[in-house]
Amino acid sequence: MPAPLLAPAFELSLSEVVREMLVRHPDALIVSTCGFTSRELFNAADRPENFYLVGSMGMSAPVALGLALARPERTVIALDGDGSLLMNLSVLPLVAASGTRLLHVVVDNGMHESTGGSPPCSAPTSSRWHWRRVTAAPSASRRPPNSVRPN
Amino acid sequence: MHTTTVGSTTARDLLHSLVDHGYTLATGVPCSLLNGAFRLLEEPGDDARLAGLRYVPAPREDSAVGIASGAVVAGERAVVLMQNSGLGYRLNVITSFNLIYDVPVLLIVSWRGHDGNDAVEHDVIGAELLRLLDLFRLPHTVLDPADPAGSVSTAIDQMDKEQRCGVLIVREGI
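Chains A and B, in that order, are what the protein sequence lines are.
If you want the working numbering, it's the position in the first sequence, counting the first as 1, plus 1.
If you want the working numbering, it's the position in the second sequence, counting the first as 1, plus 7.
One or more hints might be untrue.
Claimed, not checked - A few chain B positions that, by computed beta-carbon distances, are all more than 12 Å from chain A:
| id | residue |
| --- | --- |
| 1 | T16 |
| 2 | V72 |
| 3 | S76 |
| 4 | V79 |
| 5 | S103 |
Claimed, not checked - Across the chosen pairs, the derived CB separations fall in these ranges:
| id | chain 1 | residue 1 | chain 2 | residue 2 | range |
| --- | --- | --- | --- | --- | --- |
| 6 | B | E135 | A | P27 | 32 to 38 Å |
| 7 | A | G56 | B | D141 | 31 to 37 Å |
| 8 | B | D53 | A | R40 | 37 to 43 Å |
| 9 | A | P73 | B | E50 | 22 to 28 Å |
| 10 | B | N99 | A | D47 | 40 to 46 Å |
| 11 | A | E17 | B | R56 | 36 to 42 Å |
FYI, nobody ran anything at the bench for these hints, they're computed from the structure.
Here the structure is a predicted model, which is why all the values come from computation and not from measurement.
A virtual CB, placed ideally from N, CA and C, is assigned to each residue, including glycine.
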């Protein structure tokens, strides 16, 4: 039997996640996925260590992985959304097997917000439901929506 | 049908040449035409020259281009090995990442279906490979199995000159 699916204890907005991430990892190299995610990172702190992907949806984790392999002394973060991660789920085993300490932050709002809020998977089942099912399995990326929590 | 395999010597010379040009990271998705190269990347054995070429297998070609691109952004030289069937997957990354951020990555691409006498799934992309590369102005050169080092140098020179992803096409199995 799969583990019971627990609702998140509280909700975090994208801007809250980004601000907290910058507080916790002020020196990190950050590769952000396209759309609102990159805009939110830009608005929070436009810094040389940010790499905003304006296209290449699903590529923030692979690009961040290349950086992490080349710069193992640096903290590298892939800032992803649920839509962009669902577009390239194969990055999960790729990153997990890489031997790097890449931090893969996935902000799950259950929609493609930048293009109008459509669900990544067919309604009425939201992608959040899928996430909790997916992340109920042992993996390197448990509970991606809550990977950054306020202190 | 597969073309004649020219042997792993060509693959070894090709990889050595990449190392000589400062390449430190290889990634990609296997192809039977590139089998010798992938075997060496996976198990370099006591080949000290290959020890400096880290290999990261990728699930799909677009992710492989993404990994190599991240390494290039960090100042490394990185190469992607793949089959031409992966051109579609990787094309989005090349057009919406590499060609807008000016991040050239070397691509070693097998040419399945080049003579119209391969498995049917390679017919369409095989017939159009060069036209597709030309359409996006990606410089390309076909590997000369008798001179892999020369072919690698040509591909890298083209890429450095154009500052666009360079493609070294492998027509015969290595």
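Going down the list of hints, with the structure as the test:
1. T16: The assertion about T16 of chain B holds, with a minimum of 29 Å to chain A.
2. V72: 8 Å, violated
3. S76: 6 Å, violated
4. V79: 7 Å, violated
5. S103: 3 Å, violated
6. B:E135 to A:P27: 32 to 38 Å: 48 Å, violated
7. A:G56 to B:D141: 31 to 37 Å: The hint (31 to 37 Å, Cβ to Cβ) is violated, given that G56 of chain A and D141 of chain B are roughly 22 Å apart.
8. B:D53 to A:R40: 37 to 43 Å: Violated - the Cβ-Cβ distance for D53 of chain B and R40 of chain A, about 51 Å, lies outside 37 to 43 Å.
9. A:P73 to B:E50: 22 to 28 Å: 23 Å, holds
10. B:N99 to A:D47: 40 to 46 Å: 26 Å, violated
11. A:E17 to B:R56: 36 to 42 Å: 50 Å, violated
Checked against the numbered hints given earlier, the structure breaks hints 2, 3, 4, 5, 6, 7, 8, 10, 11 and satisfies all the rest.
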